[in-house]
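Engineer: Each chain, letter by letter, is given below.
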Amino acid sequence: MNTGDTGWVLTSSALVLLMTLPGLAFFYGGLVRRKNVLSVLMQCLIILCVITLQWVLFGYSLTFGLDTGQGIIGGLDWLGLRNVGGQPNTDYAATIPHYAFMIFQCMFAVITPALIIGTYAERIKFSAFLAFTLLWATFVYDPLGHWVWGTGGWLRNLGALDFAGGIVVHTSSGVSALVLALLIGKRIGMERQHFAPHNLPFTVLGGALLWFGWFGFNAGSALSANELAATAFVTTTVATAAAGLTWALIEWQQNGSPTALGAVTGAVAGLVAITPACGFVNPMNAIFIGIIVSFLCYVAIAKVKSYFKYDDSLDVFGVHGVGGIWGTIATGLFAEKAVNDAGANGLFFGGAQQLLIQCVLVVVTVVFAAAMTWIIFKLVDAVIGVRVEKTKEIVGLDLTQHSESAYTLVD
Amino acid sequence: MKYIIAIIKPHKIDDVMKALEEVDVNLMTVSNVLGRGRQMGVTEVYRGTKEVGSLLKKVKLEIAVNEDFVEPTIQAITKGARTGEIGDGKIFVLDLPDVYRIRTGERGGTAIG
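Protein chains in written order, with this note's numbering: chain X, -2 to 408; chain B, 4 to 116.
The following block holds chain X by itself, in its conformation from the complex:
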């Protein structure tokens, strides 16, 4: 047991909690219209409540529990945190209490479905959101987390590299978001007008909190307070800086002005892209990963989305899906054993094999997440009905789903 490691992982757990609430909540909350801002904050808050309980009751056991033998799912030995306690688990983190590892991972399980809410914002029933979230966490996040990170997981055994969740968190949520956007359909009025964000200062504030919390997400994933944590910290922030600047420059060239929304969107895209790579690449390559992700995500959002006209309302696919896939493939290009001996060499360091493995990882995740999301959506739609009635959508979710308003007109 190491007190420094334990302190860092517990601190990191709190940092990752901060990413969901208030970070992501305000990042998304500022982007919706005034009548829906509370619904977004509420969804983030309730995901924090529900998935924390899901995780300690059975999610953690399914994801990280002893493999049932086929590399598909964890067993039920750790149901209700049975056999999980203060002593370290040497399979995952030998120098910190098992509880510390479990609660750190809990915060990842929380934020992943919270990322998805951006795609169906402003038009989903609260009850349907709740059912979808619980099912998605159980049947998509938990198995995928086991495959990639769990001892005995089949993708982990294959040699797949995902340092902090580019696949498990971002690609999975981003791809699921695209499927959901296609299934739930456009918001009423989207054909006639583009909906302007109601409070961009909230969005910049939330984005800044995401950047801050992401140090826990990425550097915390070293699970030790050591040189690997420092490497991940540095690669994370330089990739983000490069991506935020690049996005602003692209906009400046394309539209005549660099926007605050663009810069903060680029920064988040940079955070996403460096996530799988942060513990395997050197800082100069991290800058390159950050520059490229802004080009890819900008094209996905400003060009591809407007061409196909799907309503991924807050660009979950455009940022997390595209950024996560690029980061995962970039890991197969730039990973080097000189940075992290436990990793592998990517294509540019003589390891063509690793690039192939990362591509397999992407394909498996895209197919699995898309198929499962489709099934879960159809199920929830048949039982509860996913979308609110037209009149309720027009009035807004704050009033119709939660019986409250964010802003009063008269003091």
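Since the hints were derived computationally from the structure, they do not count as laboratory data. Careful: at least some of the hints might be erroneous.
As the list claims (entries may be wrong) - Result set (DSSO-like, lysine-lysine): computed pairs, CA atoms no more than 30 Å apart in a straight line:
no. : chain 1 : residue 1 : chain 2 : residue 2
1   : X       : 387       : B       : 53
2   : X       : 32        : B       : 61
3   : B       : 53        : B       : 21
4   : B       : 82        : B       : 53
5   : X       : 32        : B       : 82
6   : X       : 183       : X       : 300
7   : B       : 63        : X       : 32
8   : B       : 15        : B       : 63
9   : X       : 389       : B       : 53
10  : X       : 306       : B       : 53
11  : B       : 93        : B       : 15
12  : B       : 53        : X       : 300
13  : B       : 61        : B       : 15
14  : X       : 334       : X       : 183
15  : X       : 32        : B       : 12
16  : X       : 183       : B       : 53
17  : B       : 93        : B       : 21
18  : X       : 375       : X       : 306
19  : X       : 32        : B       : 60
20  : X       : 387       : X       : 375
Unchecked claim - Computed spacing ranges between beta-carbons, pair by pair:
no. : chain 1 : residue 1 : chain 2 : residue 2 : range
21  : B       : 36        : X       : 387       : 28 to 34 Å
22  : B       : 70        : X       : 193       : 25 to 31 Å
23  : B       : 53        : X       : 379       : 37 to 43 Å
Heads up, the beta-carbon is just placed ideally off N, CA and C, and yes, glycines get one too.
We have chain X already, so just place chain B on it with the hints.
Structural biologist: Okay, now just chain B, sitting in the frame of chain X:
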């Protein structure tokens, strides 16, 4: 009596108030409004999507005056709000049949100022 409504550029409100004070017009109601004129608003860009024809932020003044004050009020607003560029705004003058002061119950010309 007339009811004067003026739509002006937000940054000219201080100049207009100063000009109105000079002609002894001190009572007014001011609100933030959105609108557009012949320039058809502005273009805003969100994540690469251009939104053409967004409404511009304007300030609306509402002033009730007796007949003697109509011309000075219009002159003062014009003097304070004019930049000579497109978007300076408009002044609407409406007939005002009656006015009541709630506190005293006064009515008509005496209630107005």
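Engineer: For every hint, state whether the structure bears it out.
Structural biologist: Cross-check of the supplied hints:
| no. | hint | in the structure |
| --- | --- | --- |
| 1 | X/387 / B/53 | 27 Å, holds |
| 2 | X/32 / B/61 | 23 Å, holds |
| 3 | B/53 / B/21 | 39 Å, violated |
| 4 | B/82 / B/53 | 36 Å, violated |
| 5 | X/32 / B/82 | 40 Å, violated |
| 6 | X/183 / X/300 | 17 Å, holds |
| 7 | B/63 / X/32 | 25 Å, holds |
| 8 | B/15 / B/63 | 11 Å, holds |
| 9 | X/389 / B/53 | 28 Å, holds |
| 10 | X/306 / B/53 | 14 Å, holds |
| 11 | B/93 / B/15 | 13 Å, holds |
| 12 | B/53 / X/300 | 12 Å, holds |
| 13 | B/61 / B/15 | 10 Å, holds |
| 14 | X/334 / X/183 | 46 Å, violated |
| 15 | X/32 / B/12 | 28 Å, holds |
| 16 | X/183 / B/53 | 18 Å, holds |
| 17 | B/93 / B/21 | 18 Å, holds |
| 18 | X/375 / X/306 | 22 Å, holds |
| 19 | X/32 / B/60 | 21 Å, holds |
| 20 | X/387 / X/375 | 20 Å, holds |
| 21 | B/36 / X/387: 28 to 34 Å | 30 Å, holds |
| 22 | B/70 / X/193: 25 to 31 Å | 44 Å, violated |
| 23 | B/53 / X/379: 37 to 43 Å | 39 Å, holds |
Hint compliance for this structure: hints 3, 4, 5, 14 and 22 are not met, and every other hint is.
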